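Residue-level listing of the chains:
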Amino acid sequence: MSENDPSLDVLNESRRSAGFPSPADDYLELKLDLNSLLIKHREATFFLRVEGDSMIGAGIHSGDLIIVDRAVQAQHKKVIVAVLDGELLIRRLSLQGSDVSLVAENCEYPAIIVSESTAFEIWGTVTNVIHEL
Amino acid sequence: MVEAERFALIDCNNFYVSCERLFNPKLEGRPVVVLSNNDGCVVSRSSEAKDLGVKMGVPLFKITELVKQKSIVTLSSNYALYGDLSERIMSILRSFSPSQEIYSIDECFLDFSGVNDRVAHGRLIRQSIKQQVGVPVCVGIAATKTLAKLANATAKKRTECGGVFDISALSQSERLDLFAAAPVGDVWGIGRKLVERLENIGIRTVKDFHDSDLEKMKELFSVVVERSVRELRGQSCLSMTEIAPVRKQILSSRSFGTYVYELSDLEQAVATYMATAALKLRTDESLAGALQVFIKTNRFAAPEDLYSQTATVTLKTPTDDSIQLVKAAITALRQIYKKGYAYQKAGVSLLDLSSINERQLSLFQSEASVSRSVKIMKLMDATNSTMGRGTLYLAAEGQNHSWQIKSNFKSPEYTTSWKELPIAHAK
Numbered sequence: 001m002s003e004n005d006p007s008l009d010v011l012n013e014s015r016r017s018a019g020f021p022s023p024a025d026d027y028l029e030l031k032l033d034l035n036s037l038l039i040k041h042r043e044a045t046f047f048l049r050v051e052g053d054s055m056i057g058a059g060i061h062s063g064d065l066i067i068v069d070r071a072v073q074a075q076h077k078k079v080i081v082a083v084l085d086g087e088l089l090i091r092r093l094s095l096q097g098s099d100v101s102l103v104a105e106n107c108e109y110p111a112i113i114v115s116e117s118t119a120f121e122i123w124g125t126v127t128n129v130i131h132e133l
Numbered sequence: 134m135v136e137a138e139r140f141a142l143i144d145c146n147n148f149y150v151s152c153e154r155l156f157n158p159k160l161e162g163r164p165v166v167v168l169s170n171n172d173g174c175v176v177s178r179s180s181e182a183k184d185l186g187v188k189m190g191v192p193l194f195k196i197t198e199l200v201k202q203k204s205i206v207t208l209s210s211n212y213a214l215y216g217d218l219s220e221r222i223m224s225i226l227r228s229f230s231p232s233q234e235i236y237s238i239d240e241c242f243l244d245f246s247g248v249n250d251r252v253a254h255g256r257l258i259r260q261s262i263k264q265q266v267g268v269p270v271c272v273g274i275a276a277t278k279t280l281a282k283l284a285n286a287t288a289k290k291r292t293e294c295g296g297v298f299d300i301s302a303l304s305q306s307e308r309l310d311l312f313a314a315a316p317v318g319d320v321w322g323i324g325r326k327l328v329e330r331l332e333n334i335g336i337r338t339v340k341d342f343h344d345s346d347l348e349k350m351k352e353l354f355s356v357v358v359e360r361s362v363r364e365l366r367g368q369s370c371l372s373m374t375e376i377a378p379v380r381k382q383i384l385s386s387r388s389f390g391t392y393v394y395e396l397s398d399l400e401q402a403v404a405t406y407m408a409t410a411a412l413k414l415r416t417d418e419s420l421a422g423a424l425q426v427f428i429k430t431n432r433f434a435a436p437e438d439l440y441s442q443t444a445t446v447t448l449k450t451p452t453d454d455s456i457q458l459v460k461a462a463i464t465a466l467r468q469i470y471k472k473g474y475a476y477q478k479a480g481v482s483l484l485d486l487s488s489i490n491e492r493q494l495s496l497f498q499s500e501a502s503v504s505r506s507v508k509i510m511k512l513m514d515a516t517n518s519t520m521g522r523g524t525l526y527l528a529a530e531g532q533n534h535s536w537q538i539k540s541n542f543k544s545p546e547y548t549t550s551w552k553e554l555p556i557a558h559a560k
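Line by line, the protein sequences are chains A and B. So in this note's numbering, spot 93 of the first sequence is number 93, and the numbers just go up one at a time. So in this note's numbering, spot 220 of the second sequence is number 353, and the numbers just go up one at a time.
The reader is advised that the hints may include incorrect statements.
[As the list claims (entries may be wrong)] 20 Å max Cα-Cα, derived DMTMM-like pairs, lysine to aspartate or glutamate:
(1) B:Lys-429 x B:Glu-395
(2) B:Lys-159 x A:Glu-121
(3) B:Lys-159 x A:Glu-87
(4) B:Lys-560 x A:Glu-105
(5) B:Lys-195 x B:Asp-184
(6) B:Lys-290 x B:Asp-310
(7) B:Lys-429 x B:Asp-398
(8) B:Lys-326 x B:Asp-417
(9) B:Lys-429 x A:Glu-43
(10) B:Lys-326 x B:Glu-352
(11) B:Lys-508 x B:Glu-418
(12) A:Lys-31 x B:Glu-437
(13) A:Lys-40 x B:Asp-438
(14) B:Lys-201 x B:Asp-184
(15) B:Lys-263 x A:Asp-69
(16) B:Lys-560 x A:Glu-108
(17) A:Lys-78 x A:Asp-33
(18) B:Lys-471 x B:Asp-398
(19) A:Lys-31 x B:Glu-400
(20) B:Lys-188 x B:Glu-198
(21) B:Lys-471 x A:Asp-33
(22) B:Lys-429 x B:Glu-400
(23) B:Lys-183 x B:Asp-144
(24) B:Lys-159 x A:Asp-64
(25) B:Lys-560 x A:Glu-121
(26) B:Lys-263 x A:Glu-43
(27) B:Lys-560 x A:Glu-51
(28) B:Lys-472 x A:Asp-33
(29) B:Lys-478 x B:Glu-400
(30) B:Lys-263 x A:Glu-121
(31) B:Lys-560 x A:Asp-64
(32) B:Lys-552 x A:Glu-132
(33) A:Lys-40 x A:Asp-69
[Claimed, not checked] Pair ranges (Cβ atoms, derived):
(34) B:Phe-433 x A:Gly-97: 40 to 48 Å
(35) B:Lys-471 x A:Gly-59: 28 to 36 Å
(36) A:Ser-117 x B:Arg-227: 38 to 46 Å
(37) A:Gln-75 x B:Gly-186: 38 to 46 Å
(38) A:Asp-33 x B:Phe-389: 20 to 28 Å
(39) A:Gly-86 x B:Lys-290: 36 to 44 Å
In short, the hints are calculated from the structure, not lab data. Quantities reported herein were computed from a predicted structural model and do not represent experimental measurements. Beta carbons are placed, not taken as given, at the ideal position from N, Cα and C, and that holds for glycine.
So that you can see chain A by itself, here it is in the shape it has in the complex (with noise of 0.2 Å):
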């Protein structure tokens, strides 16, 4: 179909006004939302609450709520999400070589070095947090 469509003309009122495809005609019937924006794997997103105050550093305050996207790699420096001692634990991780630690946001808390016979699983990336006010 060729811009000299006549039914275009008919159908499209503002590409008619405006002489000219407005890039805004895409996002006409748009509304924000929200679910859009924080949650890129439907499936495999879950919202957790958090409890303590390790993660202070890191803007993340005790009842905060934290996104965790289980598709996103985890990757050195991400903030995630731990299985260990058969608990859920929010750390950031620090990969180096095959050193493997959790690091938490508030000089009160050592870091947590990951040996081999530790029972530690990574059980999500952390991708937001909303904090209300």
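Following the hints, position chain B against chain A.
Just chain B now, kept in the frame of chain A:
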């Protein structure tokens, strides 16, 4: 050239227990069982519980001693959690095949015809579900659905095959060895009563059954049994679209002829599907302990027009009463309905099915109210079968009701309630 048909059966391992472990890692490595509605019977067991000899379906009161002795963790069923994780898993699985048939809350068939490296595809599925939803699954692959089911059981038993087993990759003699080692009761659809009758005529293993005479099977039993033998021999008799007799759940859903926008229209549809499902439930002489309602838009719609949601309701008492079931379904529908979407499909499913003989009266239900509801349902079914379906129907109405049941060991609704989110410890 006609492509050879291949089916994959994906089945979650100890599904309910696996769901519980995802948010409560302390349960890992311990014997865990999940109980049916009202904490009646064992409906899911961890491998540790199986190893202790806990049988599927055993009433809790019969194993109290063992539970105490071995510190078995007993949990009430949490259908909101299982339903939510099931929906996520099925949605991911849908992306692995052009055709999917959801068979129950924790298993589905995928069309694997045309897949080149089937085992690799199976491994990818397994890995994806484990990573994204955290639930372990096994994949069985074969030329027929019956064989795929057997392949899945083999995948679970043989740890060396890494959770994926393709029967169609075996030679004929390897296949027969496998059949010879399995009891005939392992065949899909061959229940306890049939096993007894088959054993009486000397059919004990899957191999005996495979080698049996087709005519004789049809004559002595039924075409269904004969079909099972054909399927074992690699002749596909059950296609993907065919609705298989589901006993773990009853599903009733349909795509609409035109798009549906209004809540009232959806309510009517959901009430109708639920009435159909409830009739099936009563025909089976079963009761449902929970139900699910789902609505979805066309899945090929633009992202901003996409909406799909499932709600799960646990019933106060297991029931086969259309009135109660329809009310619960409508309540659930109202919670998930969002205005402004063009809905293409809706459906209901009945879960936590139990035999009517095991009906347990809840504290809140009198014997009289049970027998009254039985009378109404009998009258309704009889009228509808003589006068045509839909002669007597329920005026679907919703109500606000808190569906409370006896569930003393229930875990939080981790994924469906803002108030019960899992805790990430910052310590």
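Right, here's what the structure says about each hint:
1. B:Lys-429 x B:Glu-395: Since the Cα atoms of B:Lys-429 and B:Glu-395 sit roughly 13 Å apart, the hinted pair holds (cutoff 20 Å).
2. B:Lys-159 x A:Glu-121: Holds: B:Lys-159 and A:Glu-121 sit about 13 Å apart, inside 20 Å.
3. B:Lys-159 x A:Glu-87: Roughly 7 Å between the alpha carbons, so the hint for B:Lys-159 and A:Glu-87 holds.
4. B:Lys-560 x A:Glu-105: Holds: B:Lys-560 and A:Glu-105 sit about 10 Å apart, inside 20 Å.
5. B:Lys-195 x B:Asp-184: holds, 17 Å
6. B:Lys-290 x B:Asp-310: holds, 15 Å
7. B:Lys-429 x B:Asp-398: holds, 14 Å
8. B:Lys-326 x B:Asp-417: holds, 16 Å
9. B:Lys-429 x A:Glu-43: holds, 15 Å
10. B:Lys-326 x B:Glu-352: holds, 17 Å
11. B:Lys-508 x B:Glu-418: The hint holds at about 14 Å.
12. A:Lys-31 x B:Glu-437: holds, 8 Å
13. A:Lys-40 x B:Asp-438: The hint holds at about 16 Å.
14. B:Lys-201 x B:Asp-184: holds, 16 Å
15. B:Lys-263 x A:Asp-69: holds, 13 Å
16. B:Lys-560 x A:Glu-108: holds, 9 Å
17. A:Lys-78 x A:Asp-33: violated, 26 Å
18. B:Lys-471 x B:Asp-398: holds, 13 Å
19. A:Lys-31 x B:Glu-400: Not OK: A:Lys-31 and B:Glu-400 at ~26 Å, beyond 20 Å, violated.
20. B:Lys-188 x B:Glu-198: holds, 14 Å
21. B:Lys-471 x A:Asp-33: Between B:Lys-471 and A:Asp-33 the Cα gap is close to 14 Å, so the pair holds against 20 Å.
22. B:Lys-429 x B:Glu-400: Since the Cα atoms of B:Lys-429 and B:Glu-400 sit roughly 14 Å apart, the hinted pair holds (cutoff 20 Å).
23. B:Lys-183 x B:Asp-144: holds, 17 Å
24. B:Lys-159 x A:Asp-64: Violated, because 23 Å separates the two Cα atoms, which is more than 20 Å.
25. B:Lys-560 x A:Glu-121: holds, 17 Å
26. B:Lys-263 x A:Glu-43: holds, 12 Å
27. B:Lys-560 x A:Glu-51: holds, 8 Å
28. B:Lys-472 x A:Asp-33: Cα-Cα ~15 Å, so holds.
29. B:Lys-478 x B:Glu-400: Distance ~12 Å between B:Lys-478 and B:Glu-400 Cα, so the pair holds.
30. B:Lys-263 x A:Glu-121: holds, 12 Å
31. B:Lys-560 x A:Asp-64: Between B:Lys-560 and A:Asp-64 the Cα gap is close to 14 Å, so the pair holds against 20 Å.
32. B:Lys-552 x A:Glu-132: Holds, because 15 Å separates the two Cα atoms, which is no more than 20 Å.
33. A:Lys-40 x A:Asp-69: Holds, because 8 Å separates the two Cα atoms, which is no more than 20 Å.
34. B:Phe-433 x A:Gly-97: 40 to 48 Å: holds, 47 Å
35. B:Lys-471 x A:Gly-59: 28 to 36 Å: holds, 32 Å
36. A:Ser-117 x B:Arg-227: 38 to 46 Å: holds, 40 Å
37. A:Gln-75 x B:Gly-186: 38 to 46 Å: holds, 45 Å
38. A:Asp-33 x B:Phe-389: 20 to 28 Å: holds, 24 Å
39. A:Gly-86 x B:Lys-290: 36 to 44 Å: About 28 Å separates the Cβ atoms of A:Gly-86 and B:Lys-290, which means 36 to 44 Å is violated.
Hint compliance for this structure: hints 17, 19, 24 and 39 are broken, all remaining hints hold.
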